[in-house]
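Peer 1: Sequence:
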Amino acid sequence: MQPSKPSQVQPAAQGEGEMPFDDSSQQMAVPSAPPIQEMERIKGYEEIVKPNVTHVTPPPPSYQEATQGASVDRWISNKSLTEDEARALLVAEAKSKCCWGKGAAEGMTISSLQKSTAVHYVLRTFVETRSTEWASVPFKGQPVDGPQNGQAPAPWDIHVQQPEMFRDARMQCEVPHTASVRTCHYCMCLRCGGFGRTRCNSCRGKGVKGVGDNRRQCLSCGGSGKRTCFNCRGHGRIPCPVCEAAGQVKCFVQLTTMFKTHTKDFILEQTPLPDELIRNVPGATLFNETQPLLNPIQSCPEQQVNAASASLIQEHRGLAQTGRIWMQNHVIRGVPVFQCDCQWKDKEFQFFVYGDNRTLHTDGYPQTCCCGCQLL
Numbered sequence: 001m002q003p004s005k006p007s008q009v010q011p012a013a014q015g016e017g018e019m020p021f022d023d024s025s026q027q028m029a030v031p032s033a034p035p036i037q038e039m040e041r042i043k044g045y046e047e048i049v050k051p052n053v054t055h056v057t058p059p060p061p062s063y064q065e066a067t068q069g070a071s072v073d074r075w076i077s078n079k080s081l082t083e084d085e086a087r088a089l090l091v092a093e094a095k096s097k098c099c100w101g102k103g104a105a106e107g108m109t110i111s112s113l114q115k116s117t118a119v120h121y122v123l124r125t126f127v128e129t130r131s132t133e134w135a136s137v138p139f140k141g142q143p144v145d146g147p148q149n150g151q152a153p154a155p156w157d158i159h160v161q162q163p164e165m166f167r168d169a170r171m172q173c174e175v176p177h178t179a180s181v182r183t184c185h186y187c188m189c190l191r192c193g194g195f196g197r198t199r200c201n202s203c204r205g206k207g208v209k210g211v212g213d214n215r216r217q218c219l220s221c222g223g224s225g226k227r228t229c230f231n232c233r234g235h236g237r238i239p240c241p242v243c244e245a246a247g248q249v250k251c252f253v254q255l256t257t258m259f260k261t262h263t264k265d266f267i268l269e270q271t272p273l274p275d276e277l278i279r280n281v282p283g284a285t286l287f288n289e290t291q292p293l294l295n296p297i298q299s300c301p302e303q304q305v306n307a308a309s310a311s312l313i314q315e316h317r318g319l320a321q322t323g324r325i326w327m328q329n330h331v332i333r334g335v336p337v338f339q340c341d342c343q344w345k346d347k348e349f350q351f352f353v354y355g356d357n358r359t360l361h362t363d364g365y366p367q368t369c370c371c372g373c374q375l376l
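Numbering (UniProt numbering), first residue to last: 1 to 376.
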């Protein structure tokens, strides 16, 4: 592979166009590559390295989807909780809260202790997406793989090392045969356009302020209507962060590959316990299936789970329009939930113990204080 011959460093054009106003509040962004209209046309990449193109459409998948829906048997948690255990958990919770009194937990009457099982369905889809954009690095004599070495491969024909399934990753590489060497596009001061001076904001470039007999010379610019550019200090060029003072940059099409796990879930829980609390507590795995393309669960005893599986899988199939689906996994978990209905003095309340780790939740504990108020 022969590197292309780099061009000679050319000074940036200075003082072209209209002199801008001096605006110190304006933030100067560092471009990653020269303006796209100045770049070479790379065959096969004409329509996919534009700023508004966020992905490259993948080729059709080469695998077949699952042939049938999976079946799930009814399951009841074997976890148990006695009234004494429930009381001990609430007492411990009260002791850990600075504004809770433990008297209610110790003296309450438990009127009922009901057990149920929450069902948590989780669908994960591991997707690869690819996008391209122009990028540049300082040119310091390194090899340049340009179009003279052959046609650039299509984005999805470039080999990218695939990570472990369901492990997110971001990778970038130079697309072969797309590189060229150009004069740095950023050495010229973008704030003053290479003039070294900007129009005075105080007098709007006129050199004078006021009208009629009140006309007087502008003190900010000394009557010239121009001020030295504070960004380049009047030189028209700046110490360049793009080319690192090399004067040239190597431009190329950069391929960005994203591996991402898309997750959706559904929770079926019958008590007043907030459903989202089930998501992050341990439970028993009732079902676990992994395939390149899943079919919905069809025979779960809970029909709402079957419907959720069908809906979420259909939604995730739409991910194939912008990326390549490598693998799917869905899991059903059973999470034990205990609802404790209680009374302390004349106040009724309830609390919940849920998950294999016996997490406690209540939002109506009857013995609380605030701002130093005495507990009753």
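Treat the hints with care, as some may be off.
As the list claims (entries may be wrong) - Derived DSSO-like pairs (lysine-lysine); straight-line CA-CA distance at most 27 Å: (1) Lys-226 <-> Lys-209; (2) Lys-226 <-> Lys-50; (3) Lys-264 <-> Lys-95; (4) Lys-260 <-> Lys-97; (5) Lys-347 <-> Lys-102; (6) Lys-206 <-> Lys-226; (7) Lys-97 <-> Lys-345; (8) Lys-79 <-> Lys-260; (9) Lys-260 <-> Lys-95; (10) Lys-95 <-> Lys-115; (11) Lys-260 <-> Lys-115; (12) Lys-102 <-> Lys-115; (13) Lys-79 <-> Lys-115.
Don't read these hints as lab results, they were simulated from the structure.
Peer 1: All hints, please: hold or fail.
Peer 2: Hints versus structure:
no., hint, verdict
1, Lys-226 <-> Lys-209, "holds (14 Å)"
2, Lys-226 <-> Lys-50, "violated (37 Å)"
3, Lys-264 <-> Lys-95, "violated (37 Å)"
4, Lys-260 <-> Lys-97, "violated (40 Å)"
5, Lys-347 <-> Lys-102, "holds (15 Å)"
6, Lys-206 <-> Lys-226, "holds (9 Å)"
7, Lys-97 <-> Lys-345, "holds (21 Å)"
8, Lys-79 <-> Lys-260, "violated (35 Å)"
9, Lys-260 <-> Lys-95, "violated (43 Å)"
10, Lys-95 <-> Lys-115, "holds (25 Å)"
11, Lys-260 <-> Lys-115, "violated (38 Å)"
12, Lys-102 <-> Lys-115, "holds (24 Å)"
13, Lys-79 <-> Lys-115, "holds (9 Å)"
The structure fails hints 2, 3, 4, 8, 9 and 11 (numbered hints given earlier, in ascending order).
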